[in-house]
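Chemist: Below are the chains, spelled out letter by letter.
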Amino acid sequence: MSEDTAKWQIAHSFAEGFNATFSDLESRISVAAAMEPSSSEIIQGLAAEVAALSRRLSDVLGTLPSYDQRQHEQRVKTLEQSLEKLRAAQPKSKFTFKRKANGSGKPPSSHKPSELPRPEAPSSSNLILSSHHDAYLGWHNIPTPMAGSSSDATIRDLTNCIVNLASQTTDGVQITALHIHNLKNCLLLLPDITGSVMLHDLNRCSIVVGCHQFRMHTSKDVDVFVSISSSPIVEGCSRIRFCRRPDPNSRQLQSEPLMVQDFSHIRPTPSPNWSLLPAGSTPPTSLPDSDMGPDEVATLLDVTLPPGI
Amino acid sequence: MGLLTIIRKNRQKEREMRLLFLGLDNAGKTTILKKLNGEDIMTVSPTLGFNIKTFAHGRYTLNLWDVGGQRTLRPYWRNYFEQTDALVWVVDSGDRMRMKDCRDELHSLLLEDRLAGASLLVFANKQDIQGSMNDVEIRDALDLHLITTHHWKILSCSAVTGENLVAGLDWVVNDVASRLYYSSTLTSTSTAERSQRVSL
Numbered sequence: 001m002s003e004d005t006a007k008w009q010i011a012h013s014f015a016e017g018f019n020a021t022f023s024d025l026e027s028r029i030s031v032a033a034a035m036e037p038s039s040s041e042i043i044q045g046l047a048a049e050v051a052a053l054s055r056r057l058s059d060v061l062g063t064l065p066s067y068d069q070r071q072h073e074q075r076v077k078t079l080e081q082s083l084e085k086l087r088a089a090q091p092k093s094k095f096t097f098k099r100k101a102n103g104s105g106k107p108p109s110s111h112k113p114s115e116l117p118r119p120e121a122p123s124s125s126n127l128i129l130s131s132h133h134d135a136y137l138g139w140h141n142i143p144t145p146m147a148g149s150s151s152d153a154t155i156r157d158l159t160n161c162i163v164n165l166a167s168q169t170t171d172g173v174q175i176t177a178l179h180i181h182n183l184k185n186c187l188l189l190l191p192d193i194t195g196s197v198m199l200h201d202l203n204r205c206s207i208v209v210g211c212h213q214f215r216m217h218t219s220k221d222v223d224v225f226v227s228i229s230s231s232p233i234v235e236g237c238s239r240i241r242f243c244r245r246p247d248p249n250s251r252q253l254q255s256e257p258l259m260v261q262d263f264s265h266i267r268p269t270p271s272p273n274w275s276l277l278p279a280g281s282t283p284p285t286s287l288p289d290s291d292m293g294p295d296e297v298a299t300l301l302d303v304t305l306p307p308g309i
Numbered sequence: 001m002g003l004l005t006i007i008r009k010n011r012q013k014e015r016e017m018r019l020l021f022l023g024l025d026n027a028g029k030t031t032i033l034k035k036l037n038g039e040d041i042m043t044v045s046p047t048l049g050f051n052i053k054t055f056a057h058g059r060y061t062l063n064l065w066d067v068g069g070q071r072t073l074r075p076y077w078r079n080y081f082e083q084t085d086a087l088v089w090v091v092d093s094g095d096r097m098r099m100k101d102c103r104d105e106l107h108s109l110l111l112e113d114r115l116a117g118a119s120l121l122v123f124a125n126k127q128d129i130q131g132s133m134n135d136v137e138i139r140d141a142l143d144l145h146l147i148t149t150h151h152w153k154i155l156s157c158s159a160v161t162g163e164n165l166v167a168g169l170d171w172v173v174n175d176v177a178s179r180l181y182y183s184s185t186l187t188s189t190s191t192a193e194r195s196q197r198v199s200l
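Protein sequence lines correspond, in order, to chains A and B. Mapping to the UniProt record's numbering: the first sequence position 281 is 281, numbers consecutive. Mapping to the UniProt record's numbering: the second sequence position 122 is 122, numbers consecutive.
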């Protein structure tokens with residue numbers, strides 16, 4: 001029995017140290033990936049540390065429960081993969097940076113083997129707005145919304161765009177769930193979503209939305225104006241600013257400050273990854289319903305988006 | 001009297017089952033629990049940590065454990081494996097982009113020794129939302145047919161409308177019961193339960 005307990009304790013303390021190092025390396029790799037020409041010195045340094053972590057794991061081989069062992073191995077593998085991606089991106093970064101309008105949204109260097117077998121086409125979700133740049137987008141850009149019904153929606157792969165879905169459509173489509181992926185320099189004015197909003201990989205954006213739940217992953221430099229009855233959460237994010245959306249059909253919740261939770265900072269200290277915008281900050285809600293030219297879009301984005309770094 | 005007999009008798013007396021609800025974040029695990037328990041589901045926040053609900057279901061007492069599914073929380077799932085009678089894997093049927101992620105997490109769980117023998121119920125949640133994948137599509141996307149180590153079943157459901165939630169629990173309870181309490185169910189089981197077991 002005592003042997004079991006000891007084993008459990010070893011596994012436990014190992015997992016703690018391991019996870020700490022893992023998240024540290026993970027965030028540093030993503031930082032390195034964000035800086036356009038990542039220097040080879042940094043990459044080599046990171047590679048050495050990943051290798052050290054992997055050695056640490058093989059040192060305790062056999063003493064860990066098999067599930068832990070596998071989880072840890074997987075994490076080392078993800079680190080190695082993202083490092084590999086970083087390396088591959090290095091010489092090509094000039095070409096991958098400027099993406100064409102109909103690009104898949106992923107730089108060509110990201111041909112990670114684990115991403116290839118993806119049988120399910122994300123395209124069969126109902127409302128989709130994807131692959132635009134330098135444009136003012138509205139309901140008319142979304143193909144075939146089903147009249148008078150509710151549906152989930154996907155917004156993905158946009159650069160330098162203004163998305164205005166705040167005004168109600170004539171046929172009254174209700175969005176019940178919203179998935180947002182891979183946006184850069186975008187302003188999103190969204191309607192009230194009855195369900196949850198999931199966001200991945202946003203870079204320098206402003207979002208105005210009402211929803212039931214709000215989860216943001218791996219994003220940075222985003223201003224969020226949200227009307228919500230639960231706690232918004234962030235994970236793997238940095239420099240996110242939150243503010244309650246001024247709500248015309250005001251509720252009593254309005255006055256309470258937002259309780260944002262940072263899942264990558266589960267400690268009693270306040271998270272360094274998000275902050276509250278000063279009370280009274282107003283989102284840019286009044287946009288023309290008509291079309292805007294690319295120049296106007298660029299000017300407006302310049303004024304409204306968070307500074308970024 | 002062997003140790004196993006003592007354990008079995010003990011559990012017979014208690015008639016408790018431990019169900020572990022896992023799945024990616026935004027799958028609707030907490031909402032399902034709250035709906036089953038008749039609580040308000042409009043204020044559910046993403047789970048930082050875990051929830052436990054205990055309630056009676058037929059002749060059994062169910063302990064439902066719901067652990068947060070955010071990526072940073074997944075390493076902690078292992079702390080909840082011990083003594084789990086059934087794993088309920090909840091899927092957001094509208095989240096096409098992360099189906100592969102979902103499949104990988106599920107299949108790596110099933111390799112865990114401490115979950116060996118646990119029944120597996122897959123809830124294809126959020127069927128109330130237009131555009132969601134149906135249970136057949138999810139079964140294929142998650143490669144459920146590759147699972148040979150666990151009794152499994154997939155049910156489409158909706159935590160918002162409550163569709164199929166109780167039916168899911170029924171299956172889990174019957175499946176676990178037929179395994180753990182075999183001798184006692186054999187004598188006292190109702191015909192409905194018996195036919196259920198046969199159909200498995």
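In case anyone wonders, no lab produced these hints; they're calculated from the structure. Incorrect hints may have been included.
Unchecked claim - Stretch-level coverage of chain A by chain B, calculated; a stretch enters the list once three of its residues show a Cβ under 8 Å from a Cβ in chain B: (1) 70 to 83; (2) 185 to 198; (3) 263 to 269.
Claimed, not checked - Pulled a few chain A residues facing chain B out of the computed Cβ check, cut under 10 Å: (4) Asn19; (5) Trp139; (6) Ser151.
Claimed, not checked - Covered, in the sense of this in silico footprint (three residues per stretch, anywhere, with C-beta under 8 Å from a C-beta of chain B), are these stretches of chain A: (7) 61 to 67; (8) 229 to 240.
The beta-carbon is built from N, C-alpha and C at its ideal position, and this holds for glycine as well.
Chemist: For every hint, state whether the structure bears it out.
Modeler: Evaluated hints:
no. : hint       : verdict
1   : 70 to 83   : holds (count 3)
2   : 185 to 198 : holds (count 3)
3   : 263 to 269 : holds (count 3)
4   : Asn19      : holds (6 Å)
5   : Trp139     : violated (17 Å)
6   : Ser151     : holds (4 Å)
7   : 61 to 67   : holds (count 3)
8   : 229 to 240 : holds (count 6)
In this structure, only the earlier hint numbered 5 is contradicted, and the remaining ones agree with it.
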